[in-house]
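Go by the hints and put chain B onto chain A.
Number of protein chains: 2
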Amino acid sequence: MSKKWVYMFSEGNADQRNLLGGKGANLAEMTNLGLPVPQGFTVTTEACLDYIDKDNTLSDEMVEQIEESMQKLNEISGKSFGDEENPLLVSVRSGARISMPGMMDTILNLGLNNTTVEALAKKSGNPRFAWDSYRRFIQMFGDVVQEIDKNKFEAVLDDIKEREGYEYDTELTVDDLKEVVDRYKAIVKEETGEEFPVEPKEQLMKAVEAVFKSWNNPRAIAYRNLNEIPHDYGTAVNVQSMVFGNMGDNSGTGVAFTRNPATGENKLYGEYLINAQGEDVVAGIRTPEPIDRLKEEMPEIYDQFAETAQKLEDHYKDMQDMEFTIDDGRLFMLQTRNGKRTAPAALQIAVDMVNDGSITKEEAMTRIEAKALDQLLHPTFDEEALKEGIVIAEGLAASPGAGTGKIYFTADEAKEAAENGEDVILVRKETSPEDIEGMHASNGILTSRGGMTSHAAVVARGMGTCCVAGVEEIVVDEDNKTMTAGDKVYKEGDFISIDGTTGKVYDGSIKTVAPELSGNFGTIMDWADEIRNLKIRTNADSPRDAQQALDFGAEGIGLCRTEHMFFDEERIPAVRRMILSPDKETREKYLEELEPMQKEDFKGMYEIMKEKPITIRLLDPPLHEFLPTEEEDIEALANDMGMTVEEMKANIDSLHEFNPMLGHRGVRLAITYPEIAAMQTRAIMEAAIEVAEETGADIQPEIMIPLVGMTEELEDAKQTVIETAEEVKKEKGSDIEYKVGTMIEIPRAALIADKIAEDADFFSFGTNDLTQMTFGYSRDDAGKFIEEYKEKGFYQVDPFASIDQEGVGQLVETGVKLGHQGNEEIHMGVCGEHGGDPNSIKFFDKVGLDYVSCSPFRVPIARLAAAQAAVENTED
Amino acid sequence: MSKKWVYMFSEGNADQRNLLGGKGANLAEMTNLGLPVPQGFTVTTEACLDYIDKDNTLSDEMVEQIEESMQKLNEISGKSFGDEENPLLVSVRSGARISMPGMMDTILNLGLNNTTVEALAKKSGNPRFAWDSYRRFIQMFGDVVQEIDKNKFEAVLDDIKEREGYEYDTELTVDDLKEVVDRYKAIVKEETGEEFPVEPKEQLMKAVEAVFKSWNNPRAIAYRNLNEIPHDYGTAVNVQSMVFGNMGDNSGTGVAFTRNPATGENKLYGEYLINAQGEDVVAGIRTPEPIDRLKEEMPEIYDQFAETAQKLEDHYKDMQDMEFTIDDGRLFMLQTRNGKRTAPAALQIAVDMVNDGSITKEEAMTRIEAKALDQLLHPTFDEEALKEGIVIAEGLAASPGAGTGKIYFTADEAKEAAENGEDVILVRKETSPEDIEGMHASNGILTSRGGMTSHAAVVARGMGTCCVAGVEEIVVDEDNKTMTAGDKVYKEGDFISIDGTTGKVYDGSIKTVAPELSGNFGTIMDWADEIRNLKIRTNADSPRDAQQALDFGAEGIGLCRTEHMFFDEERIPAVRRMILSPDKETREKYLEELEPMQKEDFKGMYEIMKEKPITIRLLDPPLHEFLPTEEEDIEALANDMGMTVEEMKANIDSLHEFNPMLGHRGVRLAITYPEIAAMQTRAIMEAAIEVAEETGADIQPEIMIPLVGMTEELEDAKQTVIETAEEVKKEKGSDIEYKVGTMIEIPRAALIADKIAEDADFFSFGTNDLTQMTFGYSRDDAGKFIEEYKEKGFYQVDPFASIDQEGVGQLVETGVKLGHQGNEEIHMGVCGEHGGDPNSIKFFDKVGLDYVSCSPFRVPIARLAAAQAAVENTED
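Residue numbers (our numbering), protein chains in the order written: chain A, 29 to 904; chain B, 29 to 904.
No lab work stands behind these hints: they were computed from the structure. Please note that the accuracy of each hint is not assured.
No distinction is drawn between identical chains; accordingly, a pair holds when it is met within one copy or between any pair of copies.
[What the hints assert, rightly or not] Pairs of lysine-lysine, BS3-like flavour, derived with a Cα cap of 25 Å:
(1) Lys612 - Lys812
(2) Lys812 - Lys617
(3) Lys638 - Lys457
(4) Lys820 - Lys783
(5) Lys617 - Lys180
(6) Lys760 - Lys389
(7) Lys295 - Lys368
(8) Lys519 - Lys295
(9) Lys767 - Lys627
So that you can see chain A by itself, here it is in the shape it has in the complex:
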């Protein structure tokens, strides 16, 4: 049995996108719908992979099937490929599963040679058209198949036009065009060492091969890497009978959308050109007409097109992006696909289509790209005001949104100014954990150093504050409180505006527009909530973040990190003294100082979240992270603790770790310093009990023990937590209920999750650490090789952005399965950054987690993505 490598358009359908590519599948579907499609066939994506696999060779079987299909096409068209009388001409186009640039361009008019061109001339009665088609064909073939520099061909045209004194190509005569053809052929001979192929069959096979090869050209690979498209999809090739939009004033070509892709308005939207081929539209020499004009110029064609457009939209149940050609008064559809649209348009279209009954709410979910919602959640610049904006520098678009305000160069001053009601932009060389409060208080953050994963960028994204990072053109002088952009020196209090979506920095103040979270957005979110199975929680360490997430619809806090609270300026001295305590008694003394502060933190959280669950994680990072690194801070601390600087340094050194990520942290701290875990437990329980009493809310604390890898670790730490919690309950006369759970973030924990589950009320998968340990590299250190990995196309997805289903995902799946085996009542979620990634959310829904937790600004995305997951996973 030979394999089927080629499908006539009439043999395929829209479901065969993976095999036939998007374009091929849609051409087949339109054929099935009885729409006017120039017929043809598709060589499959599997053929492409086979070709690559066989070291770029078309198998005999494949060649045979292509020839057979061409024979069928001859029969359908009533013409004959290469025929001297009535030659069939075809176009050859690439068409992958997912539309992507970088692939081979279109070749039109394939099948022309010195004989068939004469036949075309005769048959069309238009020799100029025939010879112009011929020279275009050679030019395209030479460029894309034979990789000859385009300019060499253009030079011939220019030469003749100059010689003859023409201004436009259209002035070229038949004889001129014949000369062009001859000179083009000479170029091909010179560049390739071979004659231009005159055999149509040879032309066709070479074009097919060129499409296949283009799958692995550097631009295509780069695009796939950037867009996380797998490299083993391959591309299909579409061979289609030519129709001509340039046969005179009764012909034309155009593109159109069934609805407005910018606003979503339900009205045909597009443009066309009379007497033109597609490439003329692109070339931009003539200005296309809006599609409405066609109604006047060719009312019948317009009606036919409008009807076809509606038919396609009804059929695909989505807004369509179409290409058409009018060949001597006859409409042909060359392509249709779901159209790209802006986020507001996507919402509008989805809501409209549900309201008019075209699609269900479930279908509406899949019509909106979840990630695109992010655009809607942040302030933007007022469009009119922005037109006046003067860009003074550009950096990395590190955290989306627009911000405007007076610049301040320290976090303290930024905070103070904000408290005085000023709009503030914090400008720093780079930020550090001590700047957190100032960052919170600012409308935007600008740093002159650091990349997309710098402290400023990561924290800003978490907060939803706009940030432009690594603006190297700007010189920040923190001592003198100035920033210099070009010639202009900005001082403290001067206004700037920054756009974290584009990376642009503007002079002065620009009006911003607040995001609109009701209307279509609210409708879609409501529908998503009806449909999804996964609960959506948020990662929040402060009341401000908690409130933000609540506003975005979070149903609880999946991860409240307590270490950020330790960095607070007022507390860090006590934290440091606690860490450097010579014995447990001293440590307990400092912990007693910290306990009321931690309690206030938690009370603040409970007051906002009330009965919504908050999972609070006990201290996770290695203690040395809290110690000073600057000479002056070390001196101050030494004085403070009555040590010499040398003693203090030795003390700090003793906490040094070779691999902090694999060191003394997480549950390991709770075991070796149970007094820290006890203090935190006490603070949590007291806070919960007090807020419950004050508000009457039924609060049930969830205490989470991080980094567990062995059942013994969890048992030990849990005992500390339970003993303390029971003590507090007794002291307070409370019968509050609480849960104790653990993170699953160590590979071993996933492997023995059944045993761990016996002692855990809940699991939270920490997929950040789990990814690092499963891959065996840390994010902090991977910088030295990971860019090269990306360039080489090693990643189908960036495993830190979207969960690596093949490896890390296996461990999550194992952990979920075993966890349920070990404890039927267990509740499971994920609190890594993957909790806000739509693809990961689909995976988490499939493996059966109960919730995902993500940063506040990801909550709406997660709500939609969870609904999409519910819809897709039901289909699967």
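Same frame as chain A, but now just chain B:
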């Protein structure tokens, strides 16, 4: 249905060791064999666990069953527990699955009180015996059940003896003993606040509970941790009718082995005492007689005992360690168990028993503790000579064996002296990688600092060189070349001797004896080789190690690390220049300098191993490990490379990593610096081809790519290797075959091993890294908490010493299974330190690896362990 918590001796058998404990199972077995055993019953290990589980409560069911069993024992013995006329007395002993110290001691004579003591006096006609038995019972019960300080009881005896002017306990009269009993009871009252229990049933239940509780006393826990005995085994309790060896000259007690446990000689070996109870033998007041004397004193008893001993040895097919009592002319067997023996005795016994047909070769394998072979592989001190030895200090027994020689304080001088034929002991504060050659040249290594995992200790164990580390009593002055031990100052060239098995340091030179590897050792190794399935390879980086391993029977090299070769004094400058090269061209220039040296290394290895396989691993550690850290070295390198010191430091800093273990190493180097992998491949291929030509050996290089976690990584690095290898083959006109494989040491690699296997000729499981990443902690950093984990009993085994079958082992098993799915031809081994651990070897045999690779001195252990694994895994 109630559970059976108690077994009469007649109900059990030797296979029930897990349920009845070793002692109980053997008492049952002896009962079944019809041997004279004082009857009794065993409360099971499950009862112990239930007791602990119920917060130290004997369940009603259990109490009931114990009482019923006691009733049966009354019937069997014809006596009655607590009876006023004919009282049954019993002993109570602990007996776990594995014999272990730290558990509760024996209680004898339980059942005595003021009434039964009179009956015993009357029945035995020996009131002194009866009252002495009573006071002994109170003393033992008070000590072990009621935890009263022993000395308090001893003080009473001393007081009376002094008052009466006695020298020995035996002079105490009946009245004295009655006084002792009264005063003992008063002590109990005072210490516990309660009367001494007079009810025999109460005595019994309390004794049973005391045994159960003793399972979790700190000493027992510590012993289990040290010996890797699980904490959930529990202990059984044996309650046995008393017999008395102290009833007069027709009574006695003794212990004996069926063969000599020191030499293995096939001759009854032991000692006994007439008119004594077991504790008298231990007390050492009287000197026991050798067992031969019994033949003369009680020929019939001797014959009966000798016959019983033979019967037991035949039955258990192993040398037995027995306890017996002669009660008024009747022999009773109190215990039998497989006897502990020295390593030479174990070999002798195993060989003898195979030769006389008692056991098969397979059984012989299981009679020898694999780890104990280590004793036989190193030089030892001549026993006579050692008697004269003067210990001058003691440190950690860091690497076994004995060494003697002149002391030198630098590696260079040690090396030079050794080359001049001197015996050398290298003395350092601590060693570093630059000392390797000097360490190799020495007979032994002494360091004043560092622990069991210090550089000196780890490297010495790898080399098989004896080492005493961390000898803090000795002051090493490297500048003045002296070491001071107590008052004595040793200078360069003075003789010392060190014993790495005991940690002792001796003054002067002591004669050593070379290990004997033929004889019984050779016989056992030959048998092991016949039986085992696993091949045994070695980890060796130098010809010297390779030769050593070959002598020990290695069948190949499973891991040849190339980085150690880089540290060579002559090369490190070129290595550093290579690493710090500003561009690829410069780097290639330095690599060209290094290539001939690497080739010579590999030639040296191939010349020794010839056709035996060598798996050579491409460079693994992060490059910064090769860079200087000392100020003066940095300066020298800066001068050398024409940089300022600041530039050099910045250069070095730029290679800094936060988590080097999770950083830029392994295959990541081969991908970002393919020129390094290419150089190494070239060196390997050229070496193999040249040695193959020189020797005619059929050499097939195995090139191993470390730290792979993604198929893409392996594919990329493999391409570099194959391109280079093919280039070399072409240049040399060779058609040599070679293999390219990978390490499985990243969790993800194990999870996707099917896909990785498609591109790998072999897998080598790197269980060191795999353990670190699966547990999520590095060995370098775990020090801060791991001791606490061990103390708390978290580990059933140290996962770095014996593979964690539950977690890491799951990944190995997955890797093996998937690997075979992906590639039927694949060859798999392990090259982590677990490759030399008998328990791990059993696991590796079970999951189906082809070989294990271990350090040279572990090779004989691994050969035996692999044979044991084959035997045990067949049984399973």
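Verification of the supplied hints:
Taking the shortest Cα distances, Lys612 and Lys812 sit within 25 Å of each other only across copies (16 Å), while inside one copy they are farther apart (41 Å). For the homomeric pair Lys812 and Lys617, the shortest alpha-carbon distance between copies (23 Å) is at most 25 Å, but the shortest distance inside one copy (44 Å) is not. Neither within a single protomer nor between protomers do Lys638 and Lys457 lie at most 25 Å apart by alpha-carbon distance, with minima of 39 Å and 61 Å respectively. Proximity of Lys820 and Lys783 under a CA criterion of 25 Å is satisfied inter-copy only: 19 Å between copies versus 41 Å inside one chain copy.
For the homomeric pair Lys617 and Lys180, neither the shortest alpha-carbon distance inside one copy (82 Å) nor that between copies (42 Å) is at most 25 Å. Taking the shortest Cα distances, Lys760 and Lys389 never come within 25 Å of each other, neither inside one copy (49 Å) nor across copies (70 Å). In this assembly of identical chains, the alpha carbons of Lys295 and Lys368 lie at most 25 Å apart only when taken from the same copy (15 Å versus 93 Å across copies). Proximity of Lys519 and Lys295 under a CA criterion of 25 Å is satisfied in neither setting, with 50 Å inside one chain copy and 99 Å between copies.
Taking identical chains as interchangeable, the C-alpha atoms of Lys767 and Lys627 lie at most 25 Å apart only when both belong to the same chain, with a minimum of 18 Å there against 62 Å between chains.
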